[in-house]
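Line order of the protein sequences matches chains Y, L and G. If you number the first sequence the way the working numbering does, the last residue is 737 and the count never jumps. If you number the second sequence the way the working numbering does, the last residue is 214 and the count never jumps. If you number the third sequence the way the working numbering does, the last residue is 150 and the count never jumps.
Careful, some of the hints might be misleading.
[As the list claims (entries may be wrong)] Computed list of lysine-lysine pairs in DSS-like fashion (alpha-carbon distance at most 30 angstroms, straight line):
1) L:82 to L:28
2) Y:559 to G:67
3) L:11 to Y:562
4) L:11 to Y:480
5) Y:726 to G:113
6) Y:637 to L:11
7) L:28 to Y:489
8) L:28 to Y:480
9) Y:634 to L:11
10) L:11 to Y:558
11) Y:561 to L:28
12) Y:480 to L:82
13) Y:559 to L:82
14) G:67 to Y:726
15) G:113 to Y:558
[Said to hold, decoys possible] Derived list of chain G stretches under chain L, where covered just means 3 residues or more per stretch with a C-beta under 8 angstroms from a C-beta of chain L:
16) 39 to 52
17) 77 to 88
18) 100 to 108
Honestly, the hints are just simulated from the structure, not real lab data. Predicted model only: the values in this text are computed from it and were never measured. The C-beta atom is built at its ideal place from N, Cα and C for all residues, glycine as well.
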Amino acid sequence: MSVNDDEFVWFRDFFGRKTGIYFEDNKRYFVDRRLTARMQATGHKSCLLYLRFVQFQASQSEFQRLVNAMTVNETYFFREDYQLIALVDGVLDDVKKRKKPGESIRIWSMPCSTGEEPYSIAIYLLEHWPGMADADVEIIGSDINSAVLDSAREGLFTDYALRSTPPAIVAKYFKQVSDTTHRLLPEIREAITFTQVNLSNPDETRSYRGFDIVFCRNLLIYFDSTSRREAVECLYGALNPGGYVFLGHSESMSRISSLFTISKAADALVYQKPL
Amino acid sequence: MGLVRKKEKTAAKGELRFRDRSKEDLLDQLRDPQASERRWAARDLGEYADTMPVLCDCLATESDEAVRAAILTSLLKQRSPEIALRLSTLLRSEDAALRSAVVDVLTDMPDQFFQIVDPLLRHEDVDVRILAVTVVSRLPHPAVPALLLDVAERDAHLNVVAAALEGLGECGTTEMIGRVQAIAARFPGNAYLSFTVSAAAGLIGHRSC
Amino acid sequence: MRRILLVDDSHTVRMYGRSILTSLPEVQIEEAQNGIEALEKTIAQKFDLLLVDVNMPKMDGYTLLRELRSRPALWSIPAIMVTTEDKEEDLRRAYAAGASFHLSKPFDPEFLRRSVALLLGEGA
Chain Y
463 MSVNDDEFVW
473 FRDFFGRKTG
483 IYFEDNKRYF
493 VDRRLTARMQ
503 ATGHKSCLLY
513 LRFVQFQASQ
523 SEFQRLVNAM
533 TVNETYFFRE
543 DYQLIALVDG
553 VLDDVKKRKK
563 PGESIRIWSM
573 PCSTGEEPYS
583 IAIYLLEHWP
593 GMADADVEII
603 GSDINSAVLD
613 SAREGLFTDY
623 ALRSTPPAIV
633 AKYFKQVSDT
643 THRLLPEIRE
653 AITFTQVNLS
663 NPDETRSYRG
673 FDIVFCRNLL
683 IYFDSTSRRE
693 AVECLYGALN
703 PGGYVFLGHS
713 ESMSRISSLF
723 TISKAADALV
733 YQKPL
Chain L
6 MGLVRKKEKT
16 AAKGELRFRD
26 RSKEDLLDQL
36 RDPQASERRW
46 AARDLGEYAD
56 TMPVLCDCLA
66 TESDEAVRAA
76 ILTSLLKQRS
86 PEIALRLSTL
96 LRSEDAALRS
106 AVVDVLTDMP
116 DQFFQIVDPL
126 LRHEDVDVRI
136 LAVTVVSRLP
146 HPAVPALLLD
156 VAERDAHLNV
166 VAAALEGLGE
176 CGTTEMIGRV
186 QAIAARFPGN
196 AYLSFTVSAA
206 AGLIGHRSC
Chain G
27 MRRILLVDDS
37 HTVRMYGRSI
47 LTSLPEVQIE
57 EAQNGIEALE
67 KTIAQKFDLL
77 LVDVNMPKMD
87 GYTLLRELRS
97 RPALWSIPAI
107 MVTTEDKEED
117 LRRAYAAGAS
127 FHLSKPFDPE
137 FLRRSVALLL
147 GEGA
């Protein structure tokens with residue numbers, strides 16, 4: 463069972479159109495392995511027949527499984543923590559002063575994958591942001607992949623996911639359930655809302671508005687330029703004036719969009735929707 | 006205080022109106038004094054291909070960058086040679102930010118741009134020719150190298166020739182090296198042009214190793 | 027050590043500028059492909075001079091200059107605007123945006139070197 467060049471191109475264009483995520487040639491091995499796994503799971507001997515099946519299945523459940531297979535990302539708690547430092551070292555205070563009484567500070571983690579990012583933000587704020595004492599903070603985690611969202615809600619994490627987490631934090635916020643796994647306390651798990659969304663689809667993102675902070679790390683780089691424009695429009699629309707966007711460590715708006723004002727917070731470059 | 010769960014969403018003013026707005030309502034909203042309203046209208050008008058002329062007209066006079074970006078995204082969604090043609094007229098604009106935004110979008114509609122590129126490469130305005138060459142250089146189209154070589158051999162203006170050579174450095178083929186090198190003779194003694202010719206020939210040669 | 031930032035979407039122009047300026051003593055040259063990248067670099071680290079093209083994708087040269095001039099930490103960095111031709115309109119715009127000086131493309135090597143030296147405070 464294999465994937466030939468034409469089939470790869472067909473898949474790439476089809477998947478790119480539907481999700482905005484576009485696989486370069488250097489991801490060939492990654493794609494082929496996952497495609498053949500899905501072909502095997504669904505009993506299709508030819509990639510072409512498998513892709514036709516995916517395209518025309520009424521329930522689209524196989525398409526969702528395919529998306530899930532193609533969008534697994536490496537993540538762990540407190541990854542790129544220089545951005546969390548920037549949050550508590552100026553960004554949040556700036557946001558807070560524009561809030562009216564009773565208004566929550568709203569943070570969107572997109573993509574949230576298996577939850578490490580939104581949970582990290584939550585814990586970090588509780589531990590390090592004095593402003594938390596008299597502010598309401600609402601955190602929403604979203605992803606195109608439904609399986610990772612289920613996993614995120616479970617709140618079960620391995621030692622590996624917690625490898626950068628101080629033991630005192632693990633002890634405080636997690637309950638050990640086996641030698642190598644820990645479950646996040648319900649107070650934190652239940653405080654985060656997890657939703658499924660495709661960022662490059664304006665119909666799906668339309669209701670995501672009024673956010674003060676968006677973490678959109680290591681997602682935009684996978685989009686083709688048209689879908690990336692669409693995604694940036696969604697992020698812009700999702701933010702309140704003065705709201706902030708955090709991109710991944712190696713990403714920059716310089717290849718993406720000039721809509722956001724650039725500034726520095728602690729050691730991080732941050733992008734802000736103009737006031 | 007502290008972490009709170011997402012509250013039941015109360016629809017924002019704009020959102021409620023979305024469900025009720027017709028194309029005519031959206032066209033009115035495109036003239037709203039508030040930029041945020043114009044922006045949502047521009048976003049939603051992307052669904053209506055026949056609004057393309059109105060969107061293009063707005064582009065020339067819209068001063069808000071975010072609204073402009075939304076208009077361009079909608080035009081990109083609709084993409085057609087007609088849109089590429091109308092956008093290309095904005096390459097003559099005095100507004101550098103608008104020119105830059107138009108170049109970005111034209112680059113994202115390669116097939117449509119390619120259909121209207123010839124007159125742009127012969128435009129009387131040097132800056133338009135340079136911008137057209139810039140876009141062409143970024144297009145993944147098999148006819149690009151020959152097109153750029155033609156410009157480099159034919160155009161009277163040094164900066165246009167240099168821009169075409171730059172593009173050739175990225176996509177030219179080994180058979181072209183001789184002709185690329187010959188272009189130095191078109192502007193003899195010009196340090197910048199000989200530099201550009203060697204750079205282009207060097208990059209092409211490097212790729213064939 | 028003086029740090030110069032070459033801002034132009036053309037790889038060849040940046041290389042050309044670099045080849046001319048490396049002969050100046052004690053200079054370190056860096057590059058940016060458009061106004062946004064230039065702004066990010068100048069926010070992250072100190073530069074002593076910018077050479078800025080007008081037409082660039084994502085953010086043009088005039089917008090970059092206006093951004094620089096609006097920021098207290100960056101407003102006084104010398105910036106040479108590079109124009110295609112010396113049209114009066116373009117020059118007016120360049121200086122209105124905050125250019126310290128202008129040059130037209132393609133640079134005359136000696137003129138570029140002298141202009142840079144002058145703006146870096148070394149005299150002619």
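Hints and how they fare:
Taking the CA atoms of residue 82 (chain L) and residue 28 (chain L), the gap is near 17 angstroms; set against the 30 angstroms cutoff, the hint holds. With a CA separation close to 29 angstroms, the supplied pair residue 559 (chain Y) and residue 67 (chain G) stays within the 30 angstroms bound. Straight-line distance between C-alpha atoms of residue 11 (chain L) and residue 562 (chain Y) comes to about 17 angstroms, which keeps the hinted pair within the 30 angstroms bound. Taken as a hint, the residue 11 (chain L) and residue 480 (chain Y) pair is honoured in the structure, with Cα atoms around 28 angstroms apart against an allowance of 30 angstroms.
Of the pairs offered as hints, the one joining residue 726 (chain Y) and residue 113 (chain G) is violated, with about 37 angstroms between alpha carbons and a cut-off of 30 angstroms exceeded. As the CA atoms of residue 637 (chain Y) and residue 11 (chain L) are separated by approximately 25 angstroms, the hinted pair is consistent with the 30 angstroms bound. Restraint check for residue 28 (chain L) and residue 489 (chain Y): the C-alpha separation of about 42 angstroms exceeds 30 angstroms, so the hint is violated. For the proposed pair residue 28 (chain L) and residue 480 (chain Y), the alpha carbon gap of about 26 angstroms is at most 30 angstroms, so the pair holds.
At roughly 24 angstroms between alpha-carbon atoms, residue 634 (chain Y) and residue 11 (chain L) fall within 30 angstroms of each other, so this suggested pair holds. Between residue 11 (chain L) and residue 558 (chain Y) the alpha-carbon distance is near 18 angstroms, which keeps this suggested pair within the 30 angstroms criterion. With a C-alpha separation of about 35 angstroms, the suggested pair residue 561 (chain Y) and residue 28 (chain L) falls outside the 30 angstroms cut-off, and the hint is violated. Taking the CA atoms of residue 480 (chain Y) and residue 82 (chain L), the gap is about 14 angstroms. The hint holds against a cut of 30 angstroms.
Of the pairs offered as hints, the one joining residue 559 (chain Y) and residue 82 (chain L) is violated, with about 38 angstroms between alpha carbons and a cut-off of 30 angstroms exceeded. Between residue 67 (chain G) and residue 726 (chain Y) the alpha-carbon distance is near 11 angstroms, which keeps this suggested pair within the 30 angstroms criterion. A hinted pair counts as satisfied when its Cα atoms are at most 30 angstroms apart, and residue 113 (chain G) with residue 558 (chain Y) does not qualify at roughly 48 angstroms. Counting residues of the segment 39 to 52 of chain G whose CB falls under 8 angstroms from any CB of chain L gives 4; the rule of at least 3 is met.
With a cut-off of 8 angstroms between beta carbons, the segment 77 to 88 of chain G has 9 residues touching chain L; three or more are needed, and the interface restraint holds. Requiring three or more residues with a Cβ within less than 8 angstroms of a Cβ of chain L, the coverage given for the segment 100 to 108 of chain G is violated, as only 0 such residues are present.
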